[in-house]
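> Protein chains in written order, with the working numbering: chain A, 8 to 84; chain B, 8 to 84.
Copies of the same chain are indistinguishable here, so a pair counts whether it falls within one copy or spans any two.
30 angstroms max Cα-Cα, derived DSS-like pairs, lysine-lysine:
no.	residue 1	residue 2
1	Lys-47	Lys-66
2	Lys-34	Lys-47
3	Lys-34	Lys-66
To be clear, the hints were calculated from the coordinates, so they are not data collected in a lab. Only a predicted model underlies this, so the values are computations on that prediction, with no experimental measurement involved.
What follows is each chain in one-letter form.
2 protein chains.
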Amino acid sequence: MARYEIFVTYREGIFDPPGATAKGALKNLGYPVEEVRIGKYIQLQTEAGPDAVREMCEKLLANPVIEDFRIETAEEA
Amino acid sequence: MARYEIFVTYREGIFDPPGATAKGALKNLGYPVEEVRIGKYIQLQTEAGPDAVREMCEKLLANPVIEDFRIETAEEA
Chain A
8 MARYEIFVTY REGIFDPPGA TAKGALKNLG YPVEEVRIGK YIQLQTEAGP DAVREMCEKL
68 LANPVIEDFR IETAEEA
Chain B
8 MARYEIFVTY REGIFDPPGA TAKGALKNLG YPVEEVRIGK YIQLQTEAGP DAVREMCEKL
68 LANPVIEDFR IETAEEA
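Chain A extracted, bound-state conformation (with noise of 0.2 angstroms):
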């Protein structure tokens, strides 16, 4: 059994929604924020390996239309 983590980002020049919600709302706060993009952490426990997590990336997890992914291995247990 393994554990992956993946992060899930909008791609470089796709507008972000929630960060730029939360940068407003953070600047409004009185905090100095530059820039926030949200994105999705995924924690997977799984008998696959990473070419079928890849895949499940593809396929489901992200929308490569506008999503980047990237993929670390947590542990083999």
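Assemble chain B onto chain A, guided by the hints.
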């Protein structure tokens, strides 16, 4: 200017609806998935220091009632 990475996850024992949905969909696609947890991956660029970033998480970026967060300093620039 510092860059922070913030990982927001549901607390242990709190039901994670997007994770449960993704798990079901991946199993339907035939992948041997044991567990999927979906949190937020926030990239923050700010003049503020670590204490202010922790405050931003507590006030706005995470919901401390149901979520945990972890802050990492990505770089000073």
